[in-house]
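S.K.: Listed below, chain by chain, are the residues.
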Amino acid sequence: MTAAIILVCSVAFLMMFFVSYCRSLLATSSSVALTQEVRDVTGITSDIAPDDFSRVVQLLQLCPDRPEERGRIRTVSLYYRLLGVLRSTISGVAPSLKSWADQERAQCGYFAAVVLGQRIAFSRDLLAQQMQP
Amino acid sequence: MPGPLQYAVWILCSLLEASVVVCAIRRRAFRQYFFLNLYMASEFVASAARFEIVRHYGFLSLTYAYFYYYSDALLTILLFLALSSLYSEVFRELNAERYVQMGSVVLLAGTALFSFAVVHQSFTSVQPSGKIFFHFVLEISQNLYFVGLVLTYILWAAILKLRETRTRLIQLVLSLGVYFSLYAANYALRNLYPSAEVVFVVLNPLIGCFLPFAWAYAFWKLPEEARLAPARLAVSHR
Numbered sequence: 006m007t008a009a010i011i012l013v014c015s016v017a018f019l020m021m022f023f024v025s026y027c028r029s030l031l032a033t034s035s036s037v038a039l040t041q042e043v044r045d046v047t048g049i050t051s052d053i054a055p056d057d058f059s060r061v062v063q064l065l066q067l068c069p070d071r072p073e074e075r076g077r078i079r080t081v082s083l084y085y086r087l088l089g090v091l092r093s094t095i096s097g098v099a100p101s102l103k104s105w106a107d108q109e110r111a112q113c114g115y116f117a118a119v120v121l122g123q124r125i126a127f128s129r130d131l132l133a134q135q136m137q138p
Numbered sequence: 348m349p350g351p352l353q354y355a356v357w358i359l360c361s362l363l364e365a366s367v368v369v370c371a372i373r374r375r376a377f378r379q380y381f382f383l384n385l386y387m388a389s390e391f392v393a394s395a396a397r398f399e400i401v402r403h404y405g406f407l408s409l410t411y412a413y414f415y416y417y418s419d420a421l422l423t424i425l426l427f428l429a430l431s432s433l434y435s436e437v438f439r440e441l442n443a444e445r446y447v448q449m450g451s452v453v454l455l456a457g458t459a460l461f462s463f464a465v466v467h468q469s470f471t472s473v474q475p476s477g478k479i480f481f482h483f484v485l486e487i488s489q490n491l492y493f494v495g496l497v498l499t500y501i502l503w504a505a506i507l508k509l510r511e512t513r514t515r516l517i518q519l520v521l522s523l524g525v526y527f528s529l530y531a532a533n534y535a536l537r538n539l540y541p542s543a544e545v546v547f548v549v550l551n552p553l554i555g556c557f558l559p560f561a562w563a564y565a566f567w568k569l570p571e572e573a574r575l576a577p578a579r580l581a582v583s584h585r
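Order-wise, the sequence lines are chains A and B.
Our numbering numbers the first residue of the first sequence as 6 and each following residue consecutively.
Our numbering numbers the first residue of the second sequence as 348 and each following residue consecutively.
Among the hints, erroneous ones may be present.
[Stated by the list, open to error] Examples of chain B residues toward chain A, derived with CB under 8 Å: (1) 372; (2) 494; (3) 516; (4) 521; (5) 531; (6) 532; (7) 535; (8) 539; (9) 560; (10) 564; (11) 581.
For the record, the hints were derived by calculation from the structure and aren't laboratory data.
From the three backbone atoms N, C-alpha and C, an ideal C-beta is built for every residue, glycine too.
Produce the complete structure using the sequences and hints provided.
M.R.: Structure (structure tokens):
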């Protein structure tokens, strides 16, 4: 009985802390403006759509990997999947939850686009270093 | 005996623990977050010592079991102190550091007394004092994790209420909350499904990797001046 109560409480705490932690990761990228180059590559013209994340992550995988970003991207991908599950299950009962989940998923997409911009810049620096005599 | 994968996770976790201290020193945050760094440095030293003991005495030896649980209890107390230091950091502007320190000592003593009472009650017959002490060490370690989880939740509520904006501090607290919740959930699952204990035992070191990774990221990537609105992070939808 005690173990079951601990499990329920800890899962509730875990969800709360995990969502807040992911939102803090997303918030660090929200102040960064997307470069025109990233907009051209991703085809994002104005606002990011909730479903853009997967597409941007696919583009991310084409660029050279930066080890320090790997954990962050995995965490946000997990959050994105969690939001997808939430959207397709509970949102039928609470429509406001659906729009919230979509807004969050769009934020995940923006985060991925910012990381893509950083990777493109990193690749360019790498290439420039190799070109030097 | 641990397999190659478990050894790999062990080494990765130890490297991440060392990287937290290195990142904090490089970003000049070592003194400000002294207890967090002390905890990570102690984790690294304990990991190295555990590895040496496994090498000399074997994974199934009594020496390793005793060292593991005693060092784990000490590390849990250090983590508790690290959490108290985060409280001090949040309440610094209110000049409430002294009250936070006093509260931490009282809570630590209370948890120790409660753990002793639980162990004392379960040993009705005459038992060797060493065995009682060993169970006390196990009990206090587990109880401090639950106290830590509740305290982290209260700290997060205080951060939202006080409108704390320091991004690094917020991420340090949130990652600690995720870590404590994962441990508590894993512990509860182990008790609910003892037959699947092997799976949950394997999960433990993986969970252990999360905290040093998140703290190293917070020290390395987030400057002390970075700010964000905590109201944006609360789990609520409009």
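S.K.: Determine for every hint whether it applies to the structure shown.
M.R.: Going down the list of hints, with the structure as the test:
Annotation: interface hint on residue 372(B) violated; nearest CB of chain A at approximately 17 Å, more than 8 Å. Given hint, residue 494(B) at the interface with chain A, is violated; its Cβ is 13 Å from that chain's nearest Cβ, farther than 8 Å. Of the supplied interface hints, the one on residue 516(B) is violated, with its beta-carbon coming no nearer than about 11 Å to a beta-carbon of chain A, more than 8 Å. Hint status for residue 521(B) relative to chain A: holds, with the closest Cβ pair at about 4 Å, below 8 Å.
With a cut of 8 Å, the hint placing residue 531(B) at the interface with chain A holds, because the nearest CB-to-CB distance is about 4 Å. Look at residue 532(B): its Cβ gets to within about 4 Å of chain A, closer than 8 Å, so that hint holds up. Satisfaction of the interface hint for residue 535(B) is found here, the shortest Cβ-Cβ separation to chain A being roughly 4 Å, below the 8 Å cut-off. At about 5 Å, the closest approach between the beta carbon of residue 539(B) and any beta carbon in chain A falls short of 8 Å, and the interface hint on this residue holds.
With a cut of 8 Å, the hint placing residue 560(B) at the interface with chain A holds, because the nearest CB-to-CB distance is about 5 Å. A distance limit of 8 Å between C-beta atoms decides the matter here; for residue 564(B) the minimum to chain A is near 7 Å, and the interface restraint holds. Annotation: residue 581(B) was flagged as interfacial toward chain A, and the flag holds, the nearest CB pair being 7 Å apart, inside 8 Å.
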